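**Q** Which chain is which? The protein sequence lines are F and G, in order. When the letters of the first sequence are read in order and numbered with the working numbering, they come out as residues 1469 to 1708. When the letters of the second sequence are read in order and numbered with the working numbering, they come out as residues 100 to 209.
Note that these hints are calculated values from the structure, not bench results. Predicted model only: the values in this text are computed from it and were never measured. Do not take every clue at face value.
Just a few of them, taken from the derived set where beta-carbon distance is under 7 angstroms, the chain G residues facing chain F [unchecked claim]:
{"#": "1", "residue": "L101"}
{"#": "2", "residue": "M103"}
{"#": "3", "residue": "M107"}
{"#": "4", "residue": "W204"}
Some residues of chain G that are not near chain F, with every Cβ distance over 10 angstroms (derived) [unchecked claim]:
{"#": "5", "residue": "L121"}
{"#": "6", "residue": "V131"}
{"#": "7", "residue": "G133"}
{"#": "8", "residue": "I140"}
{"#": "9", "residue": "R143"}
{"#": "10", "residue": "K145"}
{"#": "11", "residue": "W189"}
{"#": "12", "residue": "T207"}
Across the chosen pairs, the derived CB separations fall in these ranges [what the hints assert, rightly or not]:
{"#": "13", "chain 1": "F", "residue 1": "R1697", "chain 2": "G", "residue 2": "A209", "range": "39 to 45 angstroms"}
{"#": "14", "chain 1": "G", "residue 1": "G155", "chain 2": "F", "residue 2": "H1673", "range": "29 to 35 angstroms"}
{"#": "15", "chain 1": "F", "residue 1": "H1673", "chain 2": "G", "residue 2": "L119", "range": "20 to 26 angstroms"}
{"#": "16", "chain 1": "F", "residue 1": "P1596", "chain 2": "G", "residue 2": "W176", "range": "32 to 38 angstroms"}
{"#": "17", "chain 1": "F", "residue 1": "A1680", "chain 2": "G", "residue 2": "L119", "range": "16 to 22 angstroms"}
{"#": "18", "chain 1": "G", "residue 1": "W176", "chain 2": "F", "residue 2": "Q1472", "range": "39 to 45 angstroms"}
{"#": "19", "chain 1": "G", "residue 1": "A202", "chain 2": "F", "residue 2": "P1602", "range": "56 to 62 angstroms"}
{"#": "20", "chain 1": "G", "residue 1": "G181", "chain 2": "F", "residue 2": "Q1472", "range": "52 to 58 angstroms"}
{"#": "21", "chain 1": "G", "residue 1": "V126", "chain 2": "F", "residue 2": "R1543", "range": "40 to 46 angstroms"}
By construction, the Cβ of each residue, glycine as well, lies at the ideal position given by its N, Cα and C atoms.
Listed below, chain by chain, are the residues.
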Amino acid sequence: MTEQTIKAIIERGPNPMGARTQFDVPAYDNQTVLDVVSWVQQNVDPTLSYRFACRVGMCGSCAMMVNGVPRWTCRTHISKVLVGNEVTIAPLRNLPVVKDLVVDMDAFFDKWIAAEGLHHGALTREDPIAKVDPTSSARVASDAGVECINCAVCYAACDTVSTNQEYLGPAALQRAWTLLNDTKDNGREKILDAVTGAGGCQNCHSMGSCTAYCPNELDPMSAIAGLKRESAKSFFRKGR
Amino acid sequence: MLSMRLYMLQRITAVAMAPLVLGHLLVMIYAVQGGLSTAEILGRTKGSFFWFLFYGTFVLAASIHGAIGLRTIVSEWAGLKGVALNCFGWLTYVGLFVLGARAVWAVTFA
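Just chain G, with the same shape it has in the complex (with noise of 0.2 angstroms):
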């Protein structure tokens, strides 16, 4: 079901994820503690090449790690095999994806 290719992507994302992850809660905590209002972080935000990629990467790796993730489940609990089940996790992917990038666009260069 789970080829070791997927299961190699799998593993890479979370490894990338891990640090993205840690930045994402120091960042919220510190914004937090700060006070900071909506326009000030939007202002930090907007036109931010590197908030765009810090952001960019993480979506994009949670975007694949998810999809194979919710494959593996559909796979194991639903029993979806071959087309289907490849349908599937790419639909999710793409659907993470675009969710996610959407939001990153908005607060960086929309």
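Just chain F, same shape as in the assembly (with noise of 0.2 angstroms):
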């Protein structure tokens, strides 16, 4: 039997129209879209940048476009992405690119903490640890959103990122309801403030890319429409 070899294309940012680099990969079972890229880096081209760290899908640190669409490349498994034998692989969209396949991923935390998707703390360690029901609504959408991991997917899904530099994106948005909804988040006038602001929640057109690509079956589209229902509410209560 003749060896597999799979037809790798990397754009390699910052420039990727101008460096669209083909590699012929070996392939072998179970592989992933990162053992690819691993590959290529040991075996070729030692300068190839790109990141990763955990390999299963905890981090957050290896997502990349593959084919066109973002994808955690630890977790995804070259046999179910490739055209043919052949795979395109590129930097996240809608962050600026370091290098190859690494990008700067500073405004995406950035705008989590614009956001407020930082803890509002009320209580003193001297003070009791606050009473969590975890059959309450405000718990279950709290939950719900719990399980980010920062990996940028849904950033880089979303068009409405693509078309407005401000509009602080799925992700951070999806924390601040997870803060909104927390008993223990004394936050909720900073979170409201933050998430209708010009980057705000109102900007999100409910496209869903967010939730369609997210890796851990999230559901960011769902937690924006919860915060345009608070903020509609305090819009009422508060005229702003």
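Take the two lone chains and join them into the complex the hints point to.
**A** This is how it looks when you write it as structure tokens:
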């Protein structure tokens, strides 16, 4: 039997159109997209830059565009994405490319903070731990988005992000929704102000790419819809 | 790009238009079924404060709703920002309102 090869086309930024390089990579069983990229880096071109850490879908480092679709490369079997024997791998969309397959995630994380995606505590260590009812509707809403690992797949998938630089994006807004529903968080007003600012939840067109592509099967679109409802109620109460 | 105030204004005008669109369609179907002529229709709308209010509200809501929507599209697809974007929004609103208001006036009190 002759050895099967995969034709891997890697778009190497920051000028992807001028730097599409094709590599012939040996195919083997249970090979992931990340394995293909690693093979190229280890065997053909040691200058190829890319990010990964855990290889098991926990760290959120290895997201890339695979055939134009944002994916965790560590959890994507190459056999699932091959067209013929070809695959195109590119840096994540909607973020500036540093080199090759590495993007600058600063904007993504800055927006996380801009959406007040941080803990707003009101208690001290002397206070008793707040009781959380796991069956309450607020906790269920909070739990629904809490498994986000900041991989930026939703951010890359979002067309509103690509046309509106100010837009906070699905991940940051989903985190805001998670905290808004968290009984231990005391930042309701701050969060609502943050998610109704210039790049706020009202910019979302509910196209649903975030929910369609989230590798953790979370539903940022519904979280943003929740923020829109709360923001509308707050608007009628306070006129803003 | 889209402020919360514009977002809410667009939603509120959408709610206002929902029954108006329905009323508009039903009246059209009714008028066609009955075989009313233009003169007969104008005979009913001329001097009618009800139809002036009905279509006047419709035009106001539609011009606000449509202008905000077009403003968003132009901002996202053509990259228009700041003063230019606001000017576009206001001009679209005034243009749509004037076109609609002239028609309402023509069939009610002109």
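**Q** All hints, please: hold or fail.
**A** Do the hints match the structure? See the list:
Of the supplied interface hints, the one on L101 (chain G) holds, with its beta-carbon coming within about 5 angstroms of a beta-carbon of chain F, less than 7 angstroms. A least Cβ separation of about 4 angstroms between M103 (chain G) and chain F falls short of the 7 angstroms threshold, and the interface hint therefore holds. Using the Cβ-Cβ criterion of 7 angstroms, the hint placing M107 (chain G) at the interface with chain F is satisfied: the shortest such distance is roughly 5 angstroms. Taken as an interface hint, W204 (chain G) does not check out: its beta carbon lies about 33 angstroms from the nearest beta carbon of chain F, beyond 7 angstroms.
Even its closest Cβ contact with chain F, about 23 angstroms, leaves L121 (chain G) beyond 10 angstroms, as expected for a residue assigned away from the interface. Every CB of chain F lies more than 10 angstroms from the CB of V131 (chain G), the least distance being 36 angstroms, so the non-interface label holds. Every CB of chain F lies more than 10 angstroms from the CB of G133 (chain G), the least distance being 41 angstroms, so the non-interface label holds. With a cut of 10 angstroms on Cβ distances, I140 (chain G) stays outside the contact zone with chain F, its closest approach being about 39 angstroms.
Interface exclusion of R143 (chain G) from chain F stands, the closest Cβ pair being 38 angstroms apart, more than 10 angstroms. Every beta carbon of chain F lies more than 10 angstroms from that of K145 (chain G), the smallest distance being close to 39 angstroms; the non-interface claim holds. The claim that W189 (chain G) is not at the interface with chain F holds, since no C-beta of that chain comes within 10 angstroms of its own (minimum 19 angstroms). Here T207 (chain G) stays apart from chain F, with its beta-carbon at least about 33 angstroms from theirs, past the 10 angstroms limit.
Distance hint check for R1697 (chain F) and A209 (chain G): the Cβ-Cβ separation is about 44 angstroms, which falls inside the suggested range of 39 to 45 angstroms. Distance hint check: the CB atoms of G155 (chain G) and H1673 (chain F) are about 30 angstroms apart, consistent with the given range 29 to 35 angstroms. Evaluation of the 20 to 26 angstroms hint for H1673 (chain F) and L119 (chain G) yields a pass: the beta carbon distance comes to about 24 angstroms. For P1596 (chain F) and W176 (chain G), the hinted distance range of 32 to 38 angstroms is not satisfied, since their beta carbons lie about 54 angstroms from each other.
Between A1680 (chain F) and L119 (chain G) the beta carbon distance is about 35 angstroms. The supplied range of 16 to 22 angstroms is therefore violated. In this structure, W176 (chain G) and Q1472 (chain F) meet the distance hint of 39 to 45 angstroms, their C-beta atoms being roughly 44 angstroms apart. As the Cβ distance of A202 (chain G) to P1602 (chain F) is approximately 58 angstroms, the hint placing it in 56 to 62 angstroms holds. Between G181 (chain G) and Q1472 (chain F) the Cβ separation comes to about 55 angstroms, which falls inside the hinted range of 52 to 58 angstroms.
At roughly 57 angstroms, the beta-carbon separation of V126 (chain G) and R1543 (chain F) lies outside the given 40 to 46 angstroms, and the hint is violated.
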